[in-house]
Structures are given as structure tokens and as C-alpha cells.
Amino acid sequence: MDGLPNIITTQPSTRIYFPRDSGPSRRRKDDGKHVTTLGFGYVNEVGRHGFEREPFSFPVGTVIVRERRWSPSSDPDRLVVMIKREKSFNRKANGWEFLTINGAGTEILKREKDGKCLKCHASAAQNDFVFPMEQR
Amino acid sequence: MKKLSLATLAIAVAAAFAAGALPGNDNHAQVLDQISGYRLWTKVNADPVKVEIPNTGTDIASLMA
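Protein chains in written order, with the working numbering: chain A, 1 to 136; chain B, 1 to 65.
No lab work stands behind these hints: they were computed from the structure. Treat the hints with caution; some may be incorrect.
[What the hints assert, rightly or not] Pairwise CB distance ranges, derived in the manner of DEER restraints:
hint, chain 1, residue 1, chain 2, residue 2, range
1, B, K50, A, K119, 13 to 23 Å
2, B, D47, A, R91, 29 to 39 Å
3, B, D47, A, E86, 25 to 35 Å
4, B, K50, A, G103, 12 to 22 Å
5, A, S74, B, A46, 14 to 24 Å
6, A, G115, B, H28, 14 to 24 Å
7, A, P72, B, N27, 26 to 36 Å
Even glycine gets a Cβ: it sits at the ideal position worked out from N, Cα and C.
Same shape as in the complex, but just chain B (with noise of 0.2 Å):
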């Protein structure tokens, strides 16, 4: 019965990931359309803010991340 209710469990929370349900697991196609037509919003800065980024040598692209 135990094992019956913990496989109940799983199967539901693996369908509420799926369906981008629980906070925080919004599937990506969802997250990227929340942000189409950003520059539509508002300007958080009238002219372009220079940030550097520590150079290690790695790929630039992770350190951004």
C-alpha cells in the first residue's frame, strides 16, 4: 500500500512538472514568450552601461551566465 501511494505521488508531481505547474518549472517555451517583445518595456537605462566580465580564460558565454 505504502509503495502503491509513493508511486501515486510520483507519477502526480512528474505530472505537475510536465504540465509547468509547481513554481518555478515553467517549461521554457512559456518563459520565452513571457519575454517576447521585451523592448517593448521600459528602458531600465537611457544609454548603455559597460560591465565586465572577470576574463579566466573560459568560455565568455558561461560567465555571463
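So here's chain A without its partners, still in its complex pose (with noise of 0.2 Å):
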């Protein structure tokens, strides 16, 4: 059994030790008190040229899709989405929606126009809610 020497068998039970740097600890920085993810955004056409110049500004209509992945080749387990709707639909957020969706991009999780969502994008505000490349 040397070349498996993460497993011990012991009457009656089994145990299995998985090393310190592999598994979902992985996901966890050095301070505990984040989880890195990474991020790839999509825009529409609608919204495309929102994001030429800053402070963004998208017109209604503009879709942004951002990934959540665990690492560049895994596949996506989240879909975090924003809808820009009439200023109207939501005055607090210029009109964004935001929306969680399964990876696949089947299955609505969860839509909102403020709570946890805004409360993070509100920094963005002057960015119409949109945060700029290297804080997405």
C-alpha cells in the first residue's frame, strides 16, 4: 500500500486523507475571510460600446453575463446576470436587474433589483453599477 499512502484501513473503518493544497480549500485566500473566484464577462451588442469609455454608460436593453468559475478550465457553476431595464423598473440601480442563474443557463436562481447585488454595485454608482475591468 505504499503508493497510497493518503488511505488508512483500519478495522472496521477506512480513512481517507486528501493533502492540505488540493480540494475546495483551494477556493479559500490565505486570510479566510474571502473566496477567489474567476470571473468572464460578456456584453450584448446593446451594451457593447457601454464600456468604450468611462464612466460607463449602458443603454436598455444591455445584457452583461459574467461567469463564476473555479478555475479557467472548469465550466461555469454561475451565472450572474444584469438587465438594464427603464430607469423606472429600478430608480435605485438606473434600472439594472440583477439576476443568478445556473451555470448551464437553465434555471433562474435568484432576481433582484437591490439587496446584496446593489448593495456591492452601489460603489459603482458612478459606473452606472457597472465595475470597471479590473475590479469585475
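Both chains are given apart, each in its own frame, so use the hints to dock them into the complex.
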């Protein structure tokens, strides 16, 4: 059993020890206060020009999708979406609706006008609630 | 008469919601259809950007929302 140092078998149970530097613990930063994910962002044709200069400004109909991945090669497990609607839809966020969708894009898990989404995006209010490239 | 008007209004509003006619109340299928094929859209960032989410010990997915 030299090839399996992480498996210890003693009657009547078997214990498997995973190396500390693999698995979910890699997602966590050293400080333990944050979890690091990777973001790949996409914007539809309507909103494409909104990113061209700061401060950003996006027309109604803009849709921004950001994938959440745990590594560059993994499939997204969540899509975080912003849809720009008429300002009257959500005056607090200049018309934006925030959605969380499963990674396959087949199920909406949450949609909101404020809450945690707006709380964070409010810090980018001067950029039409969209974070600049380096913060996205 | 007033009661009848209110009832009519309530039915009209409910029907509008069901049909997704009111702004912001698109049905889910419509939204999912809207984002399908998003990978063909313009990429906002050429390389993946690290996104740090506060770790409060609760469900990570809920923090992303």
C-alpha cells in the first residue's frame, strides 16, 4: 500500500486523507475572509459600446453576463447577469435588474432589484453600477 | 360598483404579469432565452478576472447573488 499514503485502513473503518493543498480549500484566500473565483464577462451587442469609455453608460436592453468559475478550465457553476431596463423599473440602480442563473443557463436562481447585488454594485454607481475592468 | 372595478383591475394586472407584459416581470423562460448564446457576445475581459467574495461561512452561491 505504499502508493496510497492517504488511505489508512484499520478495522472496521477506512480513513482517506486529502492533501491540504487540493480540493475546496484552494478556493479560499489565505486570510480566510474571502473566496476567490474567476470571472469571464460578456456583453450583448446593445451594450457593447458602453464599455468603451469611462464613466460607463449603458442603454436599455444591455445584458451583461459574468461566469463564475473555480478555475480557468472548469465549467461555470453560476452566471451572474445584469439586465438594463427602463429607469423606472429600478430607480435605485438606474434600471438594472440583477439575476443569478445556474451554470448551464437553464434555471434562474434569483432575481432582484436591490439586496446584496445592489449593495455591492452601488460602489460603482458612477460607472452605471458596472465595475471597471480590473474590479469585475 | 367600486368593488367590481377593483376586481377587474386585479385581474388585468394579474394577466399582465402572467403575460410578462409589465416591465421587469419577464417570465423566466424569456430571460433565459435572452441570455442563451451569450458566449458569442463580446468578451468584456480577455483574461479571467479574479473576483473575491466575502467568506461569511454561509452558502457561497447566495453571496454571488
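Verification of the hints:
Evaluation of the 13 to 23 Å hint for K50 (chain B) and K119 (chain A) yields a pass: the beta carbon distance comes to about 20 Å. Roughly 35 Å separates the CB atoms of D47 (chain B) and R91 (chain A), a value that falls within the hinted 29 to 39 Å. Range check, D47 (chain B) to E86 (chain A): about 34 Å between beta-carbon atoms, so the 25 to 35 Å window is met. One distance hint, 12 to 22 Å for the beta-carbon pair K50 (chain B) and G103 (chain A), holds here, with the actual separation near 18 Å.
A hinted range of 14 to 24 Å holds for the C-beta pair S74 (chain A) and A46 (chain B), which are about 18 Å apart. For the pair G115 (chain A) and H28 (chain B), the supplied restraint of 14 to 24 Å holds, since their beta-carbon distance comes to about 18 Å. Separated by about 34 Å at the C-beta atoms, P72 (chain A) and N27 (chain B) satisfy the suggested range of 26 to 36 Å.
Taken one by one, the earlier hints all hold for this structure without exception.
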